[in-house]
Amino acid sequence: MDATQHDADERFRAEIRGWLDENLTGRFADLRGRGGSGREHEDFEARLEWNRHMAAAGWTCVAWPVEHGGRGLSIAQQVIFHEEYARADAPARVNHLGEELLGPTLIAHGTPEQQARFLPGIVAAEELWCQGYSEPGAGSDLAAVSTKAQRVGEEWSITGQKVWTSLAQHADWCFVIARTEPGSARHQGLSYLLVPMDQPGVEVRPILQLTATSEFNEVFFDDARTAVDLVVGGEGNGFKVAMATLGFERGVSTLAQQIAFRRELDAVIDTATRTGAIDDAVLRDRLVRARMELEVIRQHALRTLGGEQGDSASVTKLLWSNWHRSLGELAMDVAGPASLLVGADYALDDLQTLFLFSRSDTIYGGSDEIQRNVIAERVLGLPREARP
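For any residue, its number in our numbering is found by taking its place in the sequence shown, counting from 1, and adding 177.
A portion of the hints provided could be inaccurate.
If you anchor each label on the Cβ, the simulated ranges turn out as follows [claimed, not checked]:
no.	residue 1	residue 2	range
1	M469	G203	37 to 43 Å
2	R536	D184	33 to 39 Å
3	D318	D349	25 to 31 Å
4	Q182	R209	27 to 33 Å
5	R549	P313	20 to 26 Å
Mimicking DMTMM-like on lysine to aspartate or glutamate, the simulated pairs with C-alpha atoms at most 20 Å apart in a straight line are [unchecked claim]:
no.	residue 1	residue 2
6	K417	D406
7	K325	D406
8	K325	E380
9	K325	D456
10	K325	D443
What the hints contain is simulated information worked out from the structure, not anything from laboratory work. Glycine residues also receive a C-beta, built at the ideal position from the N, C-alpha and C atoms.
Whenever a hint applies, use it, and build me the whole structure from the sequences.
This is the structure in structure tokens:
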């Protein structure tokens, strides 16, 4: 990087840091550290107001091209943005699925009409999205989806069930993978549909989690309708578009996730110091290993930044999910017997929430088993696993 670009990046760092310090005050001051995995129920409406406050100042969708409402930031500046956002302990944004997943997908694969219809609402945080991928019989194996969409005049009629749908209870729209070609199997005949949630044919049922919260949901479609032109990437190309979305999901924004992970690791180290567990040689070695492995994850993310990651994104998912789950187990070990106690009305502390929610990390977003198959077959070129 030349000196001119370095200076520009440092000016940008100062700009975003200054804006966050100035604006995470007043009515937003209490939102620091709120939300995130396992805690999406915290101050949701206030965090939505914060998202819209960011939008009014031009701090949403910063990676998007300027012509689509973004700032067109370079990769280095995107990294800076996410680092400073995490450093400020700013609240988890409620528009992540629209901003980081659907928006880039529409920019890459959507029609001009789809872009004009949906991108402004995402930039302004006025329309929230959820992701209709997993099903009871098709979790990590996305090609096995059975939700069907049938053409009825100028509409699609969608029937089926999705599960583990994050924040569906708040979403205005859902991007849904459905089978639009009768008799098709596996990757063929799937389409990527944009479906409004506020209609009689859509039912959302919250799933109670180990943390006693419900950010995941079941979603049932019973003759739900959407316009015939709300297919992204063309009819029958749903699997390709869906994989592109997953590539965006595991891109630059994971750096902010890693900074949040570092904060959790620091909390575990503080707990180990307080309880005396730091004096245990085995636990101390595990803490050191956790720090080293987190740096490896960060370096891997930096090495693979930019655009659609494709199948190599499975490596990123495999690395962080196992690390985070292990951190939850380490947190309970350093806390000792107190980790087994909860407050009144099942009030969990931060480390207990970390442990319980991180049990799902190696399952949602693609299970470890599926990720290893993807890496082996599509990245390393090894023979396909025997299938029935």
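Consistency of the hints with the structure:
| no. | hint | in the structure |
| --- | --- | --- |
| 1 | M469 - G203: 37 to 43 Å | holds (40 Å) |
| 2 | R536 - D184: 33 to 39 Å | violated (45 Å) |
| 3 | D318 - D349: 25 to 31 Å | holds (28 Å) |
| 4 | Q182 - R209: 27 to 33 Å | holds (31 Å) |
| 5 | R549 - P313: 20 to 26 Å | holds (22 Å) |
| 6 | K417 - D406 | holds (18 Å) |
| 7 | K325 - D406 | holds (16 Å) |
| 8 | K325 - E380 | holds (16 Å) |
| 9 | K325 - D456 | violated (58 Å) |
| 10 | K325 - D443 | violated (47 Å) |
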